[in-house]
Each structure stands twice: as structure tokens, then as C-alpha cells.
Amino acid sequence: MKIDRRSFLSLGVGVAAGTALSPLPWKLTDDLSIWTQNWPWTPVPEIGESSFVNSVCTLCPGGCGISVRKVEDRGVKIEGMKGHPVNQGGICALGLSGLQLLYGPTRIKTPLKRVGKRGDGQWAKISWDEAISEITEKLDGLRTSGNSHTVAGIAGSRHGTVSQLFSRFLTAFGSPNFFHTPSIADTYQLALQHMNGVSAAPGFDLENADFILSFGCGLLEGWGSPVRMFKANTGWKKAKARVIQIESRLSRTAAKSDRWIAIIPGSEAALALGVAHVLIKEMLYNKDFVDNYANGFESFVTDNGEIKKGFKQTVLEEYSPETVSRVTGIDPSAIILLAREFANAKAPLALCGKGQGKVPGSLNEAMSVHALNALVGSINRKGGVFPIPAMEVQGWAEVGMDTITSAGMNQPRIDGTPPNSLGYINQLPSAILSGKGYPLNVLFVLESNPLYTMADSKTVKDAFDKIPFVVSLSSFMDETAQYADIVMPNHIYLERLEDAPTPMGYNKSIISLSKPVFKPRLNTKHAGDTLILLAKGLGGGVAEAFPWKNFEACFEQAMGDKMKTLKKNGFWVDSDAVLPDWESTFNTPSGKFQFAPVEFSPGFAPIKIEGDSTFQLLLIPYETMRLSCGYIANPPFLTKTVEDTILKQNDCFIEINPKTAQSNQLSEGDVVVLQTPRGQARVRVHLEEGIMPDMVALPRGLGHTAHDGYIANKGINVNHLIGPVQDPVSGMDAAWGIRAKLSKA
Amino acid sequence: MNGYGLAEQYSGISNQRRGTKVMDSALIPNGVRRCSLDKFLVALAVVGAVLLWGVYAMLLCWFKGLNQTNMNDNYGFALWIWADLAVIALGGGAFFTGFLKYIIAKDELKNIINYAVLIGFICYSSALLILAIDIGQPLRGWFIFWHANVHSMLTEVAFCLSCYFMVLTIEYIPLILENRQIDRVPFFHHLSHNMHSTMAVFAATGAFLSFFHQGSLGGVAGVLFGRPFAYREGLFIWPWTFFLFTWSAAAYGPCFTLMVTRITEAISGKKLVKDNVVELLAKISGWMMTTYIIAKIIDTFYWANVTAPSKGFNLIDFYSNNGFYGIWILVLEIVLGGIVPAAILITDKGRKSPIARNTAFVLAVIGVSVNRWVMVLQVMAVPIMTFDTWALYFPSWQEVATTILPVAYGIMLIMISYRYLPIFPQEAELNPAD
Amino acid sequence: MKQEHGGVVTQKYGMVVDLDLCTGCGSCMVACMAENNVPFREDETDKLKSITWMRVYKLTNGKHYPETDICYLPRPCQHCEGSHGHSPCVSVCPATATDYDNQTGIVSQIYTRCFGCRYCMGACPYHARYFNWYDPIWPEGMERYLNPNVSPRMRGVVEKCSFCFHRYQAAKDKAHLDGQKEIDEDAYQTACTQACPAGAITFGDLDNPNHAVHELKKQPDTFRLLEKLGTNTKVYYVSSREWVRRAGDNYLKTEGLKKAVL
Ligand SMILES: Nc1nc2c(c(=O)[nH]1)N[C@H]1C(S)=C(S)[C@@H](COP(=O)(O)OP(=O)(O)OC[C@H]3O[C@@H](n4cnc5c(=O)[nH]c(N)nc54)[C@H](O)[C@@H]3O)O[C@H]1N2
Ligand SMILES: Nc1nc2c(c(=O)[nH]1)N[C@H]1C(S)=C(S)[C@@H](COP(=O)(O)OP(=O)(O)OC[C@H]3O[C@@H](n4cnc5c(=O)[nH]c(N)nc54)[C@H](O)[C@@H]3O)O[C@H]1N2
Ligand code: SF4
Ligand code: SF4
Ligand code: SF4
Ligand code: SF4
Ligand code: SF4
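Chains as they are written, first to last, in the working numbering: chain D, 1 to 745; chain L, 1 to 434; chain B, 1 to 262.
Check before you lean on any hint, since a few could be wrong.
Among chain L residues calculated to face chain B with C-beta under 10 Å, some are [said to hold, decoys possible]:
| id | residue |
| --- | --- |
| 1 | GLY65 |
| 2 | LEU66 |
| 3 | LEU128 |
| 4 | ILE144 |
| 5 | ILE355 |
Derived lysine-lysine pairs resembling BS3-like cross-links, with alpha carbons at most 25 Å apart [as the list claims (entries may be wrong)]:
| id | chain 1 | residue 1 | chain 2 | residue 2 |
| --- | --- | --- | --- | --- |
| 6 | D | LYS346 | D | LYS382 |
| 7 | D | LYS458 | D | LYS608 |
| 8 | L | LYS64 | D | LYS648 |
| 9 | B | LYS58 | D | LYS238 |
| 10 | D | LYS508 | D | LYS568 |
| 11 | D | LYS237 | B | LYS58 |
Think of the hints as simulated: they come from the structure by calculation, not from any bench.
Owing to the predicted nature of the structure, the values given are computational and were not obtained by experimental measurement.
Using N, Cα and C, we set each Cβ at its ideal position, and we do this for glycine too.
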């Protein structure tokens, strides 16, 4: 066989053409690539009819209107509701992540009964009927044995219909032990009680203020109604209003402010009074307000003949800029300048409540700051602060008191606070553990997660161990649900009907309607319905106090004539209450603002935090919009926005000034043990110039141990390291930090 | 011939000298000696084990995805792309030797062209394999041809690289056909003969293609106007790196061919190519390197003083504030890996001294590899936004294994080819049978 | 001025981000993830492998306490126009899987076309491009929230901010049905713009005098990122602070901050 060049070439061409003409290789190659474009494990979202449903977000107390985009019955996006007065179309990162909570693995799918050891996460699925009868049996036993008062309830909030229904349940059952998760709003309410003589929440007319003096408020980290605060801040920038941030750490608020004044934490009240000193000394205060609408400015004689120092005298004697400078670490000249600027502004407004205001804080501080607003006349005027009266449920009949109920209600509260007081949850663990008083037999927990959110988690857990029966009504397998004996899962906010009451600091009374955007997806029940079923199961007087067919009926009765507006607009605003008259502003004996309430004057008694001098550093917790730190845990999207200088794999970082780090021989990324009188934890070091030397800061919102793999085991929960400190005046938690030390791991 | 007995006991390749007849002798070219089949198979198995390790890593990357690597969004190109660019530069010996032999008619080079082609074939097939592992969607790799974007340097690379690989295959096939047994079949004999006679055409095509794709590989980095460390102005659509890469591959590639030849000689314990051939190629390489390094220095000056400052960077910004990339790397590339080997190879004395010559080969290989390294990895590492930080990376074992995989494959192919094919025309003459 | 292409008005969509207003809250990041089906994993702390089409960078002025200052800078894809649509990433993609759309000025990304060579990532100086290192897996049930207007991506391809192109398409269709030649400013807004609680982002047609961005981009304190590279981006930033404006580009020690160029 002889092959010449021609046959060689034609052979080559032939082979090439033959292969090319055979469809097989081409088809296979194409099919394979098409397959990579349609991998069966990569989901393909179903298409369908798209619609928007308005509701309200209740993931935080912000009360923002939301528009949920649905495709058929699926929720695909949550957006801010255009035209909602609170958030005006804006929305925060948590609100945007809501669908991850709706569909996420942390949801509890059905009622559960604990089978393993407490906290081990071993459950038996039970039916709703079983859950209800198991609990009513237990409750019935306590009630008939005269132990109704040994039942307690913790609610996430004391506002809103569901919370009030919960509180009503305890009352009708015969227990005085209703608790709620407290906040700066409670302290403000006390301040208004003392100084304005009204039981009301403060309404801050932030949008019209032109000089904001913030004593460490996380105005941009979730203080008040978060989205409203962002909008207000943008308004300030555009109107060239000025914001002064007094804080030991360069928070986002401090960074965005016009001036950041670093202060030794805990001395804010002293600074407020120092500013007051300058205002009074330099006659910069609003004479009209002080002379005509205030009392207790000058010294006066009390009913029983004592001479009581007026606000003026106290402040002039004790709070000179020099004195205040020593406590606060701020230059006297800076204090004087600040006071003059504050006085010269058209609409100055001072605010307090550190960070998100999660900790109620010092009542003295709140009163000092409130007094500052009074001095410049920023009370009850445009751009100032005015009382927003609490909105009562309209249509519910009084709870009828049978003998068991009255006997139970006449028992003292377990935390030792007076009956009908707000109740101080910070005192609950020590009350349980002290063994004085009576033991608790049953604890109901609704929309709150005390095992995670309360300071000194270990003690809280020890206290829980003493309660034989814990019932959680959570939607999520959170730390407290995980530790419960029975879980009766609530619908999630997007599946249920309820009201979102006026958010903290908002300048109008408002109710927004949260309505079911989706049919409940899991075997859950509205907590309101659960309570009604429990009451009906108990029968007698308890059942009589719950005459409604279901929660919806109860809710409509509660909303009364507002219901129509709520259904139509999605919110109801009290348009009359924009500026209340003087009478409803001051309901004190004198009918005037009280600079020096009879009981006490605002003063500066520093809140002594825990730890002796062997702990050379100060640990402060801080909050950020990128971490949800309350009952709602951080959804995956939100965690994804957390910087790697805060969380890296499972380690979280302390912020520390490079100078302090250097003197402790620490550098970026080092692993250290952070120790406080309450506990210790492994953390890593992040150097940050924007924090006062000799301090370390840790974020709130990390370190969950329950929920799911997307939430749990990320960093540490700062509540393991800090403990509550009782405010000597109010009795609420006023801890703003704790002493700490670092050692190399 | 003395002094070539190194590592004889490991290779055992020359034990025919002792008169043992090996089992596969029918396949072994006439007039040369090879080691026993057992030894050969053991050696093959050792290298094969390394190869399998690489294959395992490769499969991990294919089935689990590129999360098996330590690459990340800042380091989109890393070890593999460096390996790719490096082997292609080193494989440049093939096209340039071919160019010299077939176009410039340097006939002596016929004595090394086979090996140059084989090394080139290994380098290019390796490069293609690495690319197939490196891309996130290997099954869609052909989109680069089907949906080609003519503006992309990578498209140019893909086309030229594939075409040139085909050319190298065509150049390699006649060598296979020259195996003693295959050659007996008349069909293959004629095929081989015909292919040989058309080889000049392929070599010319190959040289042309190679000029382009070597250049377009340089263009890959050079066109990145968002990356001031890499970006270069240039001629028409080509940045200077386009020309520098072609030039450097032509200059340095032969050094790699010569280095591998020398290693083969050391392992086989035989002289395989005559000194005059080596010296000729070394001399040409030396002069190419000299001209290249002058161009590279001019390029570096222009870049440091004009291009980079126009983007807001000083030269030192690229070499400071990080834990690895210091100015040393520039010195290593240009002085040690460029000026020094060039200086050795352009002098008669340097070329004639085996030690100096071999040192020059090694330095040259390091020099061009460092160049490719900085043009891939340092490009990724340098922060561009002022609030960015240096991104340093360390390859995962899967990356290392898959990078070693082609090396193992290359060694195996050389072992097999050397054993059964008449790669070195001068071997028999230089190593006469007893 | 407006340009015509095929007899139809073309747009040049872009953003003006007011860094004085941006608080770094992260809403824009999450809005983008929620709108565009961006996947997530249990551990997202390796930011070099974490897909965030919109990423908010934290800038510091480098001064010691208490002179320290911080600024947050949201960085979507800058939709670089380069010169005549020759954006850094588009020009390099070998498979035409990313494209500069002359109609809108939007740099597209076609996931089914991309074969994952990552050349575009290397080309982008803003780290705006992200590779799917992992299979995107949603925990069971969570795939229910996926937006059907945006296809989830598969492992091994690159993705990035699209200026919410699906919203453009919807707006364009609607304008067409309504017999409108132009898309209203309101009709096409990106998810991040819409969500930003601070109102820091303004989005629109940079060439259209009726759109807010047209004037906003001319403010004296405006700058773009890395202008010296010639990327010719369509995302403008505004800051009253000089150190922030200076952080937008690289400057030689001897160089002063140049005034914004438009
Ligand atoms: N306003 C206006 N409208 C026009 C015209 C005009 O000039 N102006 N011209 C008309 C004419 S002549 C034509 S042909 C049409 C063209 O109209 P279209 O088909 O809409 O053309 P393009 O806008 O060029 O491309 C659409 C998108 O497809 C992407 N793409 C590219 N390759 C692929 C692929 O393989 N897969 C997928 N999924 N996407 C890909 C591109 O990146 C681009 O974003 O428009 C018509 N309509
Ligand atoms: N950059 C870029 N270039 C593209 C494309 C792209 O997407 N981007 N798309 C490509 C595609 S798909 C196409 S089809 C082409 C289209 O490219 P062209 O065919 O150039 O289309 P037009 O720009 O519409 O221009 C047609 C011209 O015809 C004029 N004309 C209109 N009506 C009439 C008439 O009745 N009679 C006469 N004599 N003239 C008339 C118009 O005024 C206009 O000047 O563009 C291609 N080029
Ligand atoms: S601020 Fe609070 S209420 Fe408003 S969207 Fe965010 S989580 Fe929801
Ligand atoms: S949402 Fe707005 S304020 Fe928040 S980080 Fe993004 S741009 Fe800044
Ligand atoms: S920012 Fe990056 S990805 Fe976006 S267009 Fe520019 S180069 Fe491309
Ligand atoms: S990774 Fe995809 S989009 Fe990027 S250059 Fe490669 S093929 Fe093009
Ligand atoms: S424009 Fe759309 S895709 Fe781009 S960052 Fe904003 S939300 Fe994401």
C-alpha cells in the first residue's frame, strides 16, 4: 500500500469531516453544557401572578409599614411601605430579611413536649389539644390549691393587644407576676411621671429639632424607631441641623454627627447638669418657660416645712464645668461651648438612652436630660419633647375577680416591686434564687428570649432551673424555647393579626395594623388564640374574662372605632395629639413642670458597675443595625453584612484602642481571654482608633446557642459577661458596662 | 562521555551495556541501550503514583468545585494560571527551535528539535489540562470558541493555544511513527514520511500561531487597565506585554529545552546532544535574552515613571506594605533571572563552561517563571482602591497536587518517549554499542 | 445629551450616593441579596468568598483617637463605561458572557454563558464581581422566597450587581404597553435605592435632565472611584469631607485633590 501526498491529505480531510459530520460528539457536548445550566440542585423559582400586600413589621418595636411582594402564595420580597408615616418607604436590613425568618429552619413546626433533659433539644411532637390540656391541667391544679400566684409570664413588650391579653390572662388566673422586656422607654416613662406628672411615653419631635444633643443614643444604631431615625438624620443633614454625640466609642451615630465628644461612660448625667450649670450661670435658659411653666427651679419649702434646694441651687453649687470635667473627662471649655450652642439653637433637643436603649438605664440621667430640655423650653413645643399618653384597650370588660383571683392578685409580686408596677425583670432571677418569697411553679414566655437577652445569662439559667414548668409561645427555637417543657409555637408576624403600637420616641400616637400576609405554613397558632383556648380550658372566671370566639374578635373589640381606619390605611394616627395642651402636659400638683420632684431632684449619683481594680479595663456592649440583638435573632442575610473585624468564623472581636492593645502587648487578630466578674470568654482583638483607651467593646446579638446552623455558635453573647446593676432610684437595670481584663489565650 | 553516569543506579537505563537483553527490546530504537523493563516499570509506577494523587485532586475540583482551592474573589487567578503561563513560556523552546530550524534553516538544530517538540507538546497539553481544571464550568469550556469575544485576549489565547497544540500533535505524531515496530507497517512508514516532508509548513504555522498566543498571554495581564500593576500601553490593540511575552518565551524557552535535555542526560547517564548543538541554541537564546531584558528594563522604567504615576501609583507602592512582595522580586526577575544568564550565554567562555552554562539555564528558567508569577499573582495581590488591602494567598493541597499532575505526566511521557522513540538522533553515535 | 440608537432614545443609568447621608446600616446590601436571590452559607465571614453584589466598605481617616473619623461607602458594580463601552470586565470576557448595553449603559452578566474563567474578576478594580465557589443551596423551605424574575446562579460562574436589570425590563415592558417612549424615573428604581432608609442613594438616567441624578452628579463635592484608571464609572459619590473624596482615588504624595470631572 503506497500512500502519496494526495491520499494522505484526503485521508486527513476525510477523517476530520467524518467526525464533524457525526452528530454524536456535538450533541453530547451541547447537552452537557445545557445540563450545567439546569443543575437539578439549583432551584428554579416558580413564576406566577405578582402582588403586594401591606402590613407592618414587628421584628423590632420600630413599627415600620411594609409591602410584601408575593408571587402566588409565596413571599419573595419585603419592602418599606410607601406613605407609611413612620418609615416613609424606608426599611432596615432586619426588616428586609423577614422572609428568611418566615421560611427558615429556626421556625418551630408544631407543638412540642420535652422528652429528654431540659435544654437537650429532645422533643415529642404533640397536638394542640394535648398541649392545651396538659397545661390547663397543671394550671388548674395550682389554681385550686391556692397557688395561682406562682405562675409568671414574660412578654416581649407591655404594649399591644397580645401583650395586654397575656397580662389579662395572668390577672384573671390570679397572678400578679406579669413581666416584660424593659427598655429606656420605661425609664423615660418614670421621668415623665416624676417631672410632668403624667403616665406617658415621650414623643420627640426630632424632625423639627435643629440641634440634637445625644447622650450616647444610638440614633443610627436602632434607637427609637430605627428607620424613622434614619429619615430624621437625613432631614437634619439637609436642613443643616447639628448633632452632637456624647459617647466613648466612635459609633455610626458618632461618625455621622457634627461633633463627637468622647466621655467617660456612666457620667452622662453629670455632663447634662454641667451644661445646665452654664445655662443657668450665663442666664442662657428660657426664662419664659422656667418662670411660667415650671416649679422647683428655685429653692422652696415643702409641705412639712423643710427647705428643699431648688434645681438652680443644686446645679450651681455642685456642677461647675471644672467639677464635671473631672468626672466626664471633657474639657471645661468644651462644656461651656456646648451649653452656649445648645442654648442658642432655635429648637435644641437633648436625648438619652445608650445604644438602642435596650437597658433602661439611670433614672437620674433621664431626668437630668429632661431637665435640660425644660431649661431651654423644649417641652411641649415644635422640635421639643411632649407626652404621648399610653393608649388603652377600648372595648374589653373589666376582669371579674373571683375569690381565687383576688387572693392571687393580693400576693406580692415575686420581684418585690409594688403591685401594678411595671415589674422589674432584672430582679426576677435573684428573687427566684434567693429562696425568699414563694417559689415559681410555671413560667410562660411570649415573644421574648430571656435566656439570651438578659444580663448574666448563667444566673438567669440557674433561676430557670428552679422553675419546674416553662412554657414557650415562641415562633422560633430560641434559647428559651429550647429550655422549655412545652412549646406552643406562635404564628410568625407575617401570618398573624395584631397591632403595632406607637414606637418609642415617635412624636404622634400611632397604631399600625399587622395582618396575615400569608396563611400559616406550619402547625402554629396565634398566641392570642392560644391564650383564649387556655382560658376557656380553665373555665370559670378565667374563661369569663375571655369571652371571645377567637383572637380576631378580641382584637376588633380592642381596636374599637379605629378598626375601620386601620383596615383602610393600614395605620391610624392620632392627628389631634400633635401638641398637647399644657394641662395634659403637666399633671403635677402644681400643674407645672417639676424641676425638683418632691421625692428627689435630678442629680448625679454614678451607677457603680461591677468589678474591682484588678479589672483594669471597661467592657461596654454596643449595638449595630447589622445585628439583631433582641428576641429576634440575626437572620442569615443580616449576618452576612457583619464585617470580618467583628466576626470571623466562630470568633468575635473586641474593639480596643491600639494604645491600650500595645500596653497589653496585643496586636490585631490575637486570641485573648476576656474576663469579667461574671464570666470569661475567648475573643479576638480588633484594633480600632475610634474607642477610648482602656476600654473594650463587644457587639450585642452574637453568641446564640439555639436556633439553627445559620444563627448559632457565632461569637459570644455579651450577656454572659455582664451583670445587671440596679438603679438606686428606679430599681431597673442600669448597667452600662462592667470592669474587665484580658489575658492571652 | 565520562561524567554522564550520574544517577545510573536509579535510572538503570544503560544496563544494556552490560549485555542484558530487555524484554521489550523489540520496541526500543536500534543502536541504543535502555534499562530493564522492571526498573522502567518501577520508576514509571513511582511517577504514576504522584500522577494519581494529582488526578484525585483534579477530580475533587471537578466534582466539588473550585471551593477545593484557596482562590477567592480577590485571587481569581492564582497558582494554576501561573503554572499555565510558565509552562507555555518554557514550552516556547518548541516553536522557537522549530522557527530556527525550518525558517531560518539552522540545520544543526535537527538534533534537538524532536526533544523540543516533545517538551512543547507536554507543556501545551498540560496547559490545556490546567485550564480545564481551572475554569468553574469545565463542561462549558467550549463557549470560549462558540461565543468568542474577539476583543478578549483570552479568546486569542484559546484559539492560538488550541491550534498550536494541534500543530504540536502533528509534529509529534511522526516521531511516534518512527518507533521501530510501527515503522514496519508500510502505511505508517509512508504516513510518517509524508508528514515529515510537510513539517516545514506546520512548523511555520506553529511558529506564527505561537508568536500570537505567547503574546496574547502577555496581553491577558497587559490589557487590564483597571490593574495598574499589570497595565501597559502598547501598539495598536496590543500592550507591550504582548511583545515582551513572545520575546521572552522565544528567549527563555530554549533554555528550558536545554535544561531538560541536560537533566535527561544526567539521569540516563549518556550524552545525547552534541555540544556544538547545545552551544548554538544557548548562544541564540542568550542574545534573545539580552535584547529581551533590555526591552524589559525600558518597559519597567516607562511603567514605573509614566504609566503607574498616571494612575496615582509610585513603583514602591507595588512592593511595600505587605508580607511577601518586596522589591527583591523585581531584582530576582530582572537581574538574577535575566541579566546574569544572558551575560553568561552571550560569552563564549560562559557557553563553553558546563557549570556556567547550566547555571544560566536554571537562572533563566527561574527568571521567566518569576516574570509569569508576578504578572499573574502579584497583579491580583496589589490593592487598587485606597481602602483595600493586600490580598495574599496560599495554595491549597488540591491546587499543588493538580499543578504537580502535569509535571508527573510530562516525566512519564518523556520516559516512555525516550525509551521507545528515536528522540535524539545523535544518541547512537555518541553512545556506541560495545 | 441624549443619544439615539436605532431611532430609540438611549439611557445612561447611574447612581449618585451621598456619603454624608449613608450610615453604613447595610439595608442596601440586604435589599440586594433579597431582590437578586444572592445565596448564603452558614459561615459568611470569609469576605473574599462571600457574595455581596452591594458591599458597604468602612473607610477611616487613619487618625488617632479622638481625631478618628469613619465613612461608609456602598459599592455596587460601577457599571464602567470605559471609553465607548470598553469597560474593564466586558472587554476581557472571552465568551461574551458579560456585555455593555449601549441602550442602558448597564453591564450585564449572563450566568448560563459564563464558564467561570474569572478573567473579568481580575479585570475589575472594584472587586464588584463574585464567583460562585460553592453550590448555592437554600435550607429546605427557604427556596420559597426566591424571586422568579432573577435566576439563581449555579456553582462555577461569576455574578455581580446588574442595576436590578429585571426591574428595567419590567419597566420597559410597562412603558411600552402604556405607549410611553421613555421610562419614568419612578418606574425603574433599584432595590438598594428603594430600601435605603437614609435616602443616600439616587438612581436614574444620568443623561436625562428630568432625572435627579442629572443635577446631583454635578455637585461640587462629587467624585468617582479610581477615575484615573479611565474606568469611567456611572456611580458617583458625594462627600463634604476632603479625606473621603481623596480616598476615592490614588494620589502621588505630591499631587493635590483634583476637582470632580464630569
Ligand atoms: N430601543 C431599541 N430597541 C430595539 C432596537 C434598537 O435599536 N433600539 N433594535 C431592534 C433590533 S434590530 C434587534 S435585533 C433587537 C435586539 O434586542 P435584544 O435581543 O434585546 O438585544 P440586546 O439588547 O443587544 O441583547 C439583550 C441581552 O442579551 C444578552 N446576551 C448576549 N448573549 C446572550 C446569551 O447567550 N444568552 C442570554 N440569555 N443572553 C445573552 C446581552 O448581554 C444583552 O443584555 O432589538 C430591537 N429593538
Ligand atoms: N453597538 C451596537 N451596534 C449594533 C447593535 C447593538 O446592539 N449595539 N445591534 C446590531 C443590529 S442587531 C442591527 S439590526 C443593526 C441595525 O443597524 P442599522 O441598520 O444601522 O439601524 P439603525 O440605526 O436603525 O439605522 C437605520 C437608518 O435608516 C434610517 N431610516 C429609517 N427609516 C428609513 C426608511 O424608510 N428609508 C431609508 N432609506 N432610511 C430609513 C434611519 O434614520 C437610520 O439612519 O445594528 C447592529 N449594530
Ligand atoms: S426598623 Fe424594626 S420595624 Fe422597622 S423594618 Fe426594621 S425591624 Fe422592622
Ligand atoms: S442602605 Fe443607605 S444608609 Fe444604609 S448602608 Fe446602604 S447606602 Fe448607606
Ligand atoms: S465595576 Fe467591575 S464589574 Fe462593574 S463594570 Fe466596572 S469593571 Fe465591570
Ligand atoms: S468568568 Fe465568566 S463572565 Fe467572567 S470573563 Fe470568564 S466567562 Fe466571562
Ligand atoms: S442596583 Fe440592584 S443589583 Fe445592584 S446593588 Fe443595587 S440592588 Fe443590587
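Right, here's what the structure says about each hint:
1. GLY65: This interface hint holds because 5 Å falls under the 10 Å limit.
2. LEU66: Holds, about 6 Å.
3. LEU128: violated (13 Å)
4. ILE144: The hint holds - L:ILE144 has a Cβ within 10 Å of chain B, the shortest such distance being about 5 Å.
5. ILE355: Cβ of L:ILE355 sits 41 Å from chain B, so the hint is violated.
6. D:LYS346 x D:LYS382: holds (10 Å)
7. D:LYS458 x D:LYS608: holds (21 Å)
8. L:LYS64 x D:LYS648: holds (24 Å)
9. B:LYS58 x D:LYS238: holds (23 Å)
10. D:LYS508 x D:LYS568: holds (19 Å)
11. D:LYS237 x B:LYS58: Given pair D:LYS237, B:LYS58 holds - Cα atoms ~20 Å apart, limit 25 Å.
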